[in-house]
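Given next are the chains, with one letter for each unit.
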Amino acid sequence: MWIYLTKRIVGLLPLLLVISFLSFMLVRMAPGSPFDKERAPASPDIERTLREKYHQDEPLWQQYLRYLGVARESDGQGGTRWVRGGLVQGDLGPSFKYRNHGVNDIVAQGLPVSMSLGLLAFLFAMGVGIPLGIYTALRRGQWGDHIGSFFSLLAFCIPGLVVGPLLIMGLALQWRLFPVALWSSPWHMVLPTVTLGLYFSGRIARLMREGMTEAMKEAYVVTARAKGLSESQVVFRHALRLAILPVVSYSGPLLADLLTGSFVVENLFLVPGIGVFLVNSALGRDYNMVVGLALVYAVLLVLLNLAVDLTYGFLDRRVKLS
Amino acid sequence: MSLIVSQAPSTERPPAAPPSLTPNQRAWRRFWRNRPAVLGLFWTLCLLVLVLTWPWIAPYTFEATSDAQFSPPSAQHWFGTDVHGRDLMTRVIYGARISLLVGWIGALVAVINGVVWGASAGFLGGKWDGFAMRVVDVLYSLPSIIFVIVLITTLEGFLRKWLVATFDAGPAAVGYARLIFLFAGLGAISWLNMARIVRGQVLSLRQRAFVDASLALGAHPLRVIAKHILPNIFGIVIVYATLTIPAIILYESFLSYLGLGIQAPMASWGSLIADGASQLNPIRVYWWLIVFPAGMLVTSLLAMNFLGDGLRDAWDPKGRSD
Chain A
3 MWIYLTKRIV GLLPLLLVIS FLSFMLVRMA PGSPFDKERA PASPDIERTL
53 REKYHQDEPL WQQYLRYLGV ARESDGQGGT RWVRGGLVQG DLGPSFKYRN
103 HGVNDIVAQG LPVSMSLGLL AFLFAMGVGI PLGIYTALRR GQWGDHIGSF
153 FSLLAFCIPG LVVGPLLIMG LALQWRLFPV ALWSSPWHMV LPTVTLGLYF
203 SGRIARLMRE GMTEAMKEAY VVTARAKGLS ESQVVFRHAL RLAILPVVSY
253 SGPLLADLLT GSFVVENLFL VPGIGVFLVN SALGRDYNMV VGLALVYAVL
303 LVLLNLAVDL TYGFLDRRVK LS
Chain B
1096 MSLIVSQAPS TERPPAAPPS LTPNQRAWRR FWRNRPAVLG LFWTLCLLVL
1146 VLTWPWIAPY TFEATSDAQF SPPSAQHWFG TDVHGRDLMT RVIYGARISL
1196 LVGWIGALVA VINGVVWGAS AGFLGGKWDG FAMRVVDVLY SLPSIIFVIV
1246 LITTLEGFLR KWLVATFDAG PAAVGYARLI FLFAGLGAIS WLNMARIVRG
1296 QVLSLRQRAF VDASLALGAH PLRVIAKHIL PNIFGIVIVY ATLTIPAIIL
1346 YESFLSYLGL GIQAPMASWG SLIADGASQL NPIRVYWWLI VFPAGMLVTS
1396 LLAMNFLGDG LRDAWDPKGR SD
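Residue numbers (the working numbering), protein chains in the order written: chain A, 3 to 324; chain B, 1096 to 1417.
Hints were generated in silico from the structure; no laboratory data involved.
Everything numeric in this text was worked out from a predicted model, so none of it was measured.
Heads up, a few of these hints could be off.
Stretch by stretch, here's where chain B covers chain A in the computed footprint (C-beta under 8 Å, at least three residues) [stated by the list, open to error]: (1) 57–70; (2) 93–104; (3) 116–123; (4) 261–268; (5) 275–284; (6) 287–301.
In this text, a Cβ means the ideal position worked out from N, Cα and C, and glycines have one as well.
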């Protein structure tokens, strides 16, 4: 078990190296530079000074080594020294757009907000999706199933950029039940959570319905019935354990997605998370920010997938971790 | 209780088909019996006809402005008008044309990419398989939006220069060029699932006796792929392609919301919803600007998902997992 865990965590390092290299090179491939202004490029003098300050005048491989923190630079007295900071020390470097801010600062400020919004949306999606999925699976082929399945598919077809404006128009502007935007009290969190979570609740309901339908065909469910257990005991104590596996394996990538923020929801409700930064940094060629956020996403994804595998082994003892 | 268990499968099973039916015919039969799926097909076809014939029956063109700004739905303008007094119904149907085109061609790109990658990995096996699937894993852990933004802006730089230099193209042609980047960008992020599914299928087909026999008789591997492997995965590929189309349309609407999608005066459902969302204000609620484009988007996605689900249930009854 511990060997397995260590192996998985160590296996993360090469992936991070590949991701950092790929995103580092990809974002530099795109035309334009972080120092371009809206209209004309910055004046040549300013641009040269900026490029020097951020070491953009060095060859690409040296910039990458500097980013990793394994490069040597001249110390101004004829000798050389190791560069300060760098990825090996957990430093994601300075932001090119928000001068005087490190990527670490911005992530530290925005990530908790995005994570709490993402977690709320995840809980909402699970809270709606799982019961709906179980209900439709148990009523398979009946009216309850048809109506429930229709709604889960409908949720799956309405993106956040439709739900958000509709909720703002109806519940915030027309009836003034909820605040229109911002992120300061639990009351402010309701609309963003629903906007972000609704789409995924439909997906989870569909996965849950299929899982439950399959689980109810298992021999041990028939045995549990034959023992004379009540229907709710059969469903919740025996079938659910197996039926929830598809939802569990989907929830790894889903959580990684939700925790790193959503551009649409953060933009619509002015939530100060990092989802907006991810898009804007890629658009504005804020090189370090793009690489840093890609790394945050990759770490979260790998750790959550690991958690999913562990949960899998716990729920279905037939699965061996290796 | 046990009585119900023993009866349930027998009521669900279709009446035994005469042995003369091919698996394909039986699948079609299952499909036509699925009412929501047939309805979805019908709605999609209606939409297609409407979109194709609209230029001849429309009373307005999609760029025609008028003095009637923000007029609510009326006899002249069934869906109302927008900020420039353009007829919203015409724009929504014109937007359908772009959204459907992006969805279908994007799905085509994703399918070709995914089938080539997945089939070669599954068929050749060994080192190439390991490498190919590692690439898919790495791309999975890179936030797709970074990839899309870089791809679209890089391609745009090249293609725009090339168009202007070779054809002396005007802004209209450059606007259409945007469509091509959308196809490429959306196809480039949607093929990963397809590659995994196809690889799994090919791996199991590769073990079958008829493939071994064919190879033993000296058939060229390419011939085996074309003659034996591809026809066998055709059904499942079509099924997942149908489910990729709505996903790509959703992603396009997200890109349009970012301003990376279709550019004015052209329109897609996504850009129309984004325009509507930008007109949100507490003083006057222009609900029609969001409700009509969103309504068309949601009903069409619903229809295509019903269609895709129906195809999957008919052709791939075992492989149900989103």
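Hint by hint, here is what the structure shows:
1. 57–70: Coverage by chain B is violated here, the residue count being 0 at a Cβ distance below 8 Å.
2. 93–104: This one is violated; 0 residues, fewer than the three required, reach chain B with a Cβ under 8 Å.
3. 116–123: violated (count 0)
4. 261–268: holds (count 3)
5. 275–284: The restraint on the segment 275–284 of chain A holds, since 3 of its residues have a Cβ under 8 Å from chain B and three suffice.
6. 287–301: With 5 residues in contact (Cβ-Cβ under 8 Å with chain B), the coverage given for the segment 287–301 of chain A holds.
Hint check: violations occur at hints 1, 2, 3; the rest are consistent with the structure.
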